[in-house]
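Number of protein chains: 2
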Amino acid sequence: MKWWGWGREDVAFSHEDKPGLAPFIGEHLAVDVSQTPVPPPALEELSLHEPQLSSGLRTALEAAVGAEHVSTDDEDRVVHARGKSLRDLVRQRRGDLPRLPDVVVRPGDEEAVRDVLAAALSADAVVIPFGGGSSISGSLEAAAGEARTVISVDMGRLDRVLAVDAASRLARVQAGVFGPHLEDQLNAQGFTLGHFPDSFTHSTLGGWIATRSSGMQSDRYGDIADMTRGLRVVTPAGMLVTRPVPSTSTGPSVREMVLGSEGRLGLITEATVQVRRRPASRVILGYLFPTFTAGLAAMAEIAASEASTSVTRVSDAPETQFSFATRKAPTPLDRVKSKALTAFLTGRRGFDPGSMCLSFIGYEGSAVHVAAERKSVGRLVARHGGVCIGASPGALYDQKKFDTPYIRDFLLERGAVADVSETAAPWSELTALYDTARSRVHAAFGELAVRGYLMCHLSHSYHAGACLYFTFAFKARSGSDELEQYDVVKSALQQSFVDTAGTLSHHHAVGTEHARWLEQDISAPGAAMLKALFDGTDPAANLNPGKIV
Amino acid sequence: MKWWGWGREDVAFSHEDKPGLAPFIGEHLAVDVSQTPVPPPALEELSLHEPQLSSGLRTALEAAVGAEHVSTDDEDRVVHARGKSLRDLVRQRRGDLPRLPDVVVRPGDEEAVRDVLAAALSADAVVIPFGGGSSISGSLEAAAGEARTVISVDMGRLDRVLAVDAASRLARVQAGVFGPHLEDQLNAQGFTLGHFPDSFTHSTLGGWIATRSSGMQSDRYGDIADMTRGLRVVTPAGMLVTRPVPSTSTGPSVREMVLGSEGRLGLITEATVQVRRRPASRVILGYLFPTFTAGLAAMAEIAASEASTSVTRVSDAPETQFSFATRKAPTPLDRVKSKALTAFLTGRRGFDPGSMCLSFIGYEGSAVHVAAERKSVGRLVARHGGVCIGASPGALYDQKKFDTPYIRDFLLERGAVADVSETAAPWSELTALYDTARSRVHAAFGELAVRGYLMCHLSHSYHAGACLYFTFAFKARSGSDELEQYDVVKSALQQSFVDTAGTLSHHHAVGTEHARWLEQDISAPGAAMLKALFDGTDPAANLNPGKIV
Numbered sequence: 001m002k003w004w005g006w007g008r009e010d011v012a013f014s015h016e017d018k019p020g021l022a023p024f025i026g027e028h029l030a031v032d033v034s035q036t037p038v039p040p041p042a043l044e045e046l047s048l049h050e051p052q053l054s055s056g057l058r059t060a061l062e063a064a065v066g067a068e069h070v071s072t073d074d075e076d077r078v079v080h081a082r083g084k085s086l087r088d089l090v091r092q093r094r095g096d097l098p099r100l101p102d103v104v105v106r107p108g109d110e111e112a113v114r115d116v117l118a119a120a121l122s123a124d125a126v127v128i129p130f131g132g133g134s135s136i137s138g139s140l141e142a143a144a145g146e147a148r149t150v151i152s153v154d155m156g157r158l159d160r161v162l163a164v165d166a167a168s169r170l171a172r173v174q175a176g177v178f179g180p181h182l183e184d185q186l187n188a189q190g191f192t193l194g195h196f197p198d199s200f201t202h203s204t205l206g207g208w209i210a211t212r213s214s215g216m217q218s219d220r221y222g223d224i225a226d227m228t229r230g231l232r233v234v235t236p237a238g239m240l241v242t243r244p245v246p247s248t249s250t251g252p253s254v255r256e257m258v259l260g261s262e263g264r265l266g267l268i269t270e271a272t273v274q275v276r277r278r279p280a281s282r283v284i285l286g287y288l289f290p291t292f293t294a295g296l297a298a299m300a301e302i303a304a305s306e307a308s309t310s311v312t313r314v315s316d317a318p319e320t321q322f323s324f325a326t327r328k329a330p331t332p333l334d335r336v337k338s339k340a341l342t343a344f345l346t347g348r349r350g351f352d353p354g355s356m357c358l359s360f361i362g363y364e365g366s367a368v369h370v371a372a373e374r375k376s377v378g379r380l381v382a383r384h385g386g387v388c389i390g391a392s393p394g395a396l397y398d399q400k401k402f403d404t405p406y407i408r409d410f411l412l413e414r415g416a417v418a419d420v421s422e423t424a425a426p427w428s429e430l431t432a433l434y435d436t437a438r439s440r441v442h443a444a445f446g447e448l449a450v451r452g453y454l455m456c457h458l459s460h461s462y463h464a465g466a467c468l469y470f471t472f473a474f475k476a477r478s479g480s481d482e483l484e485q486y487d488v489v490k491s492a493l494q495q496s497f498v499d500t501a502g503t504l505s506h507h508h509a510v511g512t513e514h515a516r517w518l519e520q521d522i523s524a525p526g527a528a529m530l531k532a533l534f535d536g537t538d539p540a541a542n543l544n545p546g547k548i549v
Numbered sequence: 001m002k003w004w005g006w007g008r009e010d011v012a013f014s015h016e017d018k019p020g021l022a023p024f025i026g027e028h029l030a031v032d033v034s035q036t037p038v039p040p041p042a043l044e045e046l047s048l049h050e051p052q053l054s055s056g057l058r059t060a061l062e063a064a065v066g067a068e069h070v071s072t073d074d075e076d077r078v079v080h081a082r083g084k085s086l087r088d089l090v091r092q093r094r095g096d097l098p099r100l101p102d103v104v105v106r107p108g109d110e111e112a113v114r115d116v117l118a119a120a121l122s123a124d125a126v127v128i129p130f131g132g133g134s135s136i137s138g139s140l141e142a143a144a145g146e147a148r149t150v151i152s153v154d155m156g157r158l159d160r161v162l163a164v165d166a167a168s169r170l171a172r173v174q175a176g177v178f179g180p181h182l183e184d185q186l187n188a189q190g191f192t193l194g195h196f197p198d199s200f201t202h203s204t205l206g207g208w209i210a211t212r213s214s215g216m217q218s219d220r221y222g223d224i225a226d227m228t229r230g231l232r233v234v235t236p237a238g239m240l241v242t243r244p245v246p247s248t249s250t251g252p253s254v255r256e257m258v259l260g261s262e263g264r265l266g267l268i269t270e271a272t273v274q275v276r277r278r279p280a281s282r283v284i285l286g287y288l289f290p291t292f293t294a295g296l297a298a299m300a301e302i303a304a305s306e307a308s309t310s311v312t313r314v315s316d317a318p319e320t321q322f323s324f325a326t327r328k329a330p331t332p333l334d335r336v337k338s339k340a341l342t343a344f345l346t347g348r349r350g351f352d353p354g355s356m357c358l359s360f361i362g363y364e365g366s367a368v369h370v371a372a373e374r375k376s377v378g379r380l381v382a383r384h385g386g387v388c389i390g391a392s393p394g395a396l397y398d399q400k401k402f403d404t405p406y407i408r409d410f411l412l413e414r415g416a417v418a419d420v421s422e423t424a425a426p427w428s429e430l431t432a433l434y435d436t437a438r439s440r441v442h443a444a445f446g447e448l449a450v451r452g453y454l455m456c457h458l459s460h461s462y463h464a465g466a467c468l469y470f471t472f473a474f475k476a477r478s479g480s481d482e483l484e485q486y487d488v489v490k491s492a493l494q495q496s497f498v499d500t501a502g503t504l505s506h507h508h509a510v511g512t513e514h515a516r517w518l519e520q521d522i523s524a525p526g527a528a529m530l531k532a533l534f535d536g537t538d539p540a541a542n543l544n545p546g547k548i549v
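These protein sequence lines are chains A and B, in that order. Numbering-wise, our numbering puts 124 at position 124 of the first sequence, and it's gapless, one number per residue. Numbering-wise, our numbering puts 347 at position 347 of the second sequence, and it's gapless, one number per residue.
Don't take every hint at face value.
Claimed, not checked - Straight-line C-alpha distance at most 25 Å; calculated DSS-like pairs for lysine-lysine: (1) Lys18/B - Lys337/B; (2) Lys375/B - Lys328/B; (3) Lys328/A - Lys401/A; (4) Lys531/A - Lys531/B; (5) Lys375/B - Lys375/A; (6) Lys2/B - Lys375/B.
Stated by the list, open to error - Derived, one-sided and incomplete: chain B residues facing chain A with beta-carbon distance under 7 Å: (7) His49; (8) Gly108; (9) Thr248; (10) Pro279; (11) His508; (12) Ser523; (13) Gly526.
None of these hints come from the bench; they were simulated from the model. These figures come from a predicted structure and were not determined experimentally. Built from N, CA and C at the ideal position, the CB exists for glycine as well.
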C-alpha cells in the first residue's frame with residue numbers, strides 16, 4: 001500500500017489513453033497534464049520521531065501477538081499513521097508527521113486482540129484499530145499532542161469466513177478481511193455479501209462496520225448497518241457479544257452502537273453478516289436524462305415503486321461531462337454510434353448536450369425478475385424523458401468503479417486538490433441542497449480566486465430520500481497553503497449540507513474531519529449522548545480518543 | 001380504559017357464539033366457562049396511598065400544562081400505575097398498589113413537555129412517559145420503594161399529524177397519537193404508516209418507538225425502527241433532534257439509541273416517519289400446512305425469494321386447534337365445505353388433522369403485483385405441501401386481530417393465567433428453539449401440577465430469521481400464589497429463548513419483566529454500555545429509573 005496515495009504502488013491513473021481528458025482538465029482546472037508531476041518524497045527523506053514504547057509494553061505485545069507481528073518499522077508506522085483523506089495525503093507527502101503510531105501490532109486471532117487491549121490498558125496506551133486504512137475522515141490518526149504510547153492494531157490477519165449458515169443465509173466473518181478476499185470466500189459457497197463501496201479493494205469488514213459504510217449495490221443488499229446482525233467486540237469490560245438475530249427489542253441496540261463507533265467502544269473482531277445467494281442474472285444499464293432534476297425525479301419514483309433495483313445512480317451535467325472526457329479513444333464504429341445517439345437526443349428528443357445527465361440502474365435476480373424490472377423501470381424512466389443507452393456503459397462503469405480514487409493522486413501531483421463529500425436528505429430537499437452546495441462551493445472558488453470544478457451524483461436511493469455524492473477539484477493558488485484553500489472549499493460544502501436538510505456524511509463517518517458539524521447535525525444533546533456512551537465505556541480514553549466527539 | 005384489564009370497558013370477549021371453545025377450554029385448561037366469573041373489584045374498594053406532591057411542584061406542573069391537565073384523581077393514578085402484563089393485571093385486581101404515580105400530567109405541546117421535565121428535574125421527581133399504557137414488560141411502573149414524587153406524563157394530547165411531505169413520503173407526527181387516529185389522519189391524505197401491532201388500538205407512536213415495536217405488516221413496511229427517521233426528544237440536556245435523513249454516518253446513531261429507550265433518555269414528542277401510498281390492492285390468504293416444520297420451511301423460502309409479502313404467519317398445531325375452536329357456529333354450507341376440505345386434506349393430501357398448521361400470507365400493491373406474488377408464493381407453498389384455503393379465513397383474521405388481548409381477561413376471571421412471550425432467531429435455529437421452549441414449558445406445567453396449554457406462531461419473517469410468538473395458559477393451582485406459578489412458566493419460556501439462539505424479546509421491550517435476561521442476551525459489556533448511556537444522559541436518575549438495566 002502506498003503511504004503517500006491511494007491503493008497499490010503498481011497501479012496509477014493515466015490520462016494517456018483518454019484523449020478528451022487532458023483538454024478537459026486544462027480547461028476546467030487550468031492544469032497542464034503534460035507538465036512533469038511532482039513525485040512523492042522517498043521514505044528515507046522523511047524525519048520521523050522515535051517510537052515511544054516501553055520494554056514492558058513491548059514484551060506484553062509480543063506475548064500477545066508474537067514478536068514477528070510487533071513492528072516499529074518506519075514504513076509500517078507511516079502507512080498506519082493516517083487514512084487517505086486529501087488532508088492526509090498532502091501531509092504525508094510533506095513529511096508532516098508529528099505523531100506516528102509508536103508500534104504496529106498484527107493479532108492473528110481474537111484472543112490476541114484481547115491480550116493487546118489488556119496490555120494497552122495496563123500501560124495506559126492508546127489503541128487505534130486499523131483495517132484497510134482507507135478512511136477519509138481522519139479516523140486513524142493519533143492526536144498531535146498525544147503523550148501516551150500509540151498502538152495501531154492492524155486487523156488484517158483476521159481474514160477468514162469462519163462459517164456459513166446456508167439455511168439462515170448468515171456468515172460468521174473475521175473483521176479484518178478485505179473486500180475481494182471476503183467475496184472470494186463467500187462466492188466459493190455460492191453466496192455474496194453484496195457490499196461494494198468505492199474503497200472495496202482497500203477496506204475491510206470491520207472498517208465498514210466501524211464507519212457505517214454503504215456500497216454500490218446497497219439499494220438491494222442494504223447498507224452495512226442492515227447486513228450486520230451479530231458482533232463480537234473486544235472492550236475494556238470484556239467481550240461484547242450480540243446475537244445474530246434478525247430483530248430484537250433489548251432496549252437501545254448495542255449492535256447499532258458499535259456501527260459507526262470508529263474504534264471508540266472497542267475492537268471489532270467478528271461479525272455475523274447477512275449474505276445472499278449469488279444472483280442468476282445481473283445487469284447495469286446506462287441511461288441519459290435531459291436534466292439532473294429529471295434524473296432525480298425518476299429515481300424518487302423508482303424508490304416508491306414496486307421495483308427493487310440494485311443500483312440507482314445519476315450524475316449531474318458536470319459529472320456527465322467529466323465521464324465523457326475520461327472515455328478511451330473511440331473506434332470508428334463508436335464514433336458513428338455516438339454521432340447517431342447525439343443526433344437522436346438533441347434532434348428528436350430535444351436534449352441540451354450541456355445539461356444532459358448520465359445514469360446507471362442495476363438489476364439483479366432471476367432472469368424473469370430482471371426482465372420484468374427492466375421493463376417497468378424503463379417505462380418510469382421514459383416518463384421523465386430518460387433514454388436507455390444500453391448495457392455497455394454500465395459494464396464499463398462496473399469494471400472501473402474501484403479505480404476512481406487513483407485520479408486524486410494524479411491531480412495532486414499536478415498541483416490540483418480534489419476530494420469528495422457526500423450527504424443524504426429527503427427527496428423533497430435534494431434540489432435545494434444541491435443548489436446551495438453548488439453556489440457555496442463556486443463562491444468559495446471565487447473567494448480563493450482558483451479555477452475549480454464541482455460535480456455530483458445521486459449514489460443511493462431509499463424510500464424517503466437519497467445520497468448525493470459531491471466531488472470537487474481545483475488548482476491551488478501558489479504562495480498559499482493548499483490545505484487552507486482545501487479547507488475553505490470542503491467546509492463550504494459540508495456547511496451547505498447541515499444548513500439545508502442534509503447530514504454531515506452518508507457513509508464516510510465523522511472521524512476528526514467532520515466532527516465540527518456533528519452538533520449541527522444531531523444536536524448538542526445528541527453529541528452529549530455519544531460522549532456519555534464513550535466516556536462510560538472507555539473511562540481512561542484509551543480507545544481511539546478524540547474521534548467523533 | 002379498564003384499570004383491571006385490556007382495552008375499553010364496553011368490550012369483552014365472549015365464548016357464547018363460539019360453540020367449540022367451552023369444550024376446548026374445559027379439556028385443555030380444566031376450566032369450566034359456565035362458572036360465574038370473578039369480577040374485578042370496584043375502584044372504591046382499593047386502598048390507595050396519598051399522592052406525594054409538593055405545592056411548589058404542583059404549581060410548576062400547572063404552569064406547564066394548565067391546571068385542568070394536572071390530575072391526582074384516584075382512577076387516573078391507578079390507570080397510569082402500570083401496563084397490561086399478566087403480572088400487572090393480577091396485582092391491579094388484587095389492589096396490590098404500593099407505588100402509584102403521585103400525579104398524572106397531560107401536556108398539550110412540546111413546550112409543555114419541556115416545562116414538565118424542567119419542573120420535575122428541579123424538584124428531583126421521577127418522570128414516566130405514558131402512551132397507550134399497553135406495555136407488557138413492566139415499563140410503566142415506579143419502583144415500589146421510590147421515595148421521590150412520581151409523575152406520569154400522559155402524551156395523549158400530542159395526537160396530530162403535523163405535516164406530510166408527499167414527495168419524500170415522510171410524515172411529521174406527534175408522539176402521543178394512537179394507532180387508529182394516526183391511520184385516519186394519514187389515510188385522509190392517501191398514505192398509511194403500515195404499523196399494526198396487536199396493541200394497535202391502545203398504543204401510540206411514541207410507545208412503539210420507545211419499545212422497538214413491530215406490527216402485523218412489518219414484513220413489508222419494516223419495524224418501527226426502520227420507519228422512524230427523525231426524532232424530537234425532550235432530554236435533561238435540552239431538545240435532542242435528529243434529522244429525517246434516509247441514512248447517515250454520524251457515529252453510533254442517536255436516533256437508534258432512542259429506539260427502545262423506554263423513557264430512560266427523555267420524552268419523545270415527535271417523530272418523522274416513513275409513510276407509503278395506500279396500496280391499490282390488499283389480500284390476506286389462508287393456507288394449511290401438513291406440519292409446523294413444513295410451514296416454517298416455506299416461510300424461510302419466501303423470505304429468500306423475490307416475493308415481497310406483507311404478512312407471513314404460520315401457527316403450530318396447538319394454535320391451529322385453538323383457532324378452530326374459536327370459530328363461530330357454522331352454517332350448514334360451512335359444514336359441507338369444511339367436511340369436503342377435511343376429506344381432501346386427510347384423504348388426498350395425507351394431512352394428519354392433529355398436526356396441520358394454519359397460515360396467513362398477505363399481499364399488497366398494484367393488482368398486477370399482487371396477482372404475480374400470489375402465484376409465485378403459491379408455487380413455493382405447494383412445494384412444502386401447503387394448500388391455499390382462500391381469502392375468507394384471512395379476512396376474518398384481519399378483522400379480529402386486535403381482539404386477542406381481551407381473551408386473557410376472560411380467562412383470568414375464570415381462574416386461568418395466560419400471557420405471551422416472543423423472540424427472534426436465525427432460520428436454522430427456529431426448530432431447536434421451538435422444541436426447547438415446548439419441552440421446558442410443559443416441564444414447568446408438570447412441576448406445578450397444573451393443566452396448561454402452549455401454542456406458537458411465526459409472526460414476522462426476515463431474510464435471516466423470524467419471530468416466534470408463544471402464548472401460554474394454565475389454570476393456577478389454588479392454595480398457591482398464581483403469580484409465583486406464572487413466574488415459573490414465563491421464566492421457563494424466556495430462559496429457553498436465551499439458552500438457544502433467541503433474543504429475550506422481538507418487539508415487547510425489556511422493562512422490568514425481561515431485565516433478568518438482558519446480560520444473557522447482549523452480554524455484560526453490552527448491558528454496561530446501556531448503563532453508561534443512561535447514567536451519562538440522566539445523571540440523577542429521574543427518567544423512568546430501573547427499566548432495562
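Hints versus structure:
no.: 1; hint: Lys18/B - Lys337/B; in the structure: holds, 18 Å
no.: 2; hint: Lys375/B - Lys328/B; in the structure: violated, 30 Å
no.: 3; hint: Lys328/A - Lys401/A; in the structure: holds, 15 Å
no.: 4; hint: Lys531/A - Lys531/B; in the structure: holds, 13 Å
no.: 5; hint: Lys375/B - Lys375/A; in the structure: holds, 20 Å
no.: 6; hint: Lys2/B - Lys375/B; in the structure: violated, 45 Å
no.: 7; hint: His49; in the structure: violated, 30 Å
no.: 8; hint: Gly108; in the structure: violated, 23 Å
no.: 9; hint: Thr248; in the structure: holds, 4 Å
no.: 10; hint: Pro279; in the structure: violated, 10 Å
no.: 11; hint: His508; in the structure: holds, 6 Å
no.: 12; hint: Ser523; in the structure: holds, 4 Å
no.: 13; hint: Gly526; in the structure: holds, 4 Å
When the structure is compared with the earlier hints, violations turn up for hints 2, 6, 7, 8 and 10 and for no others.
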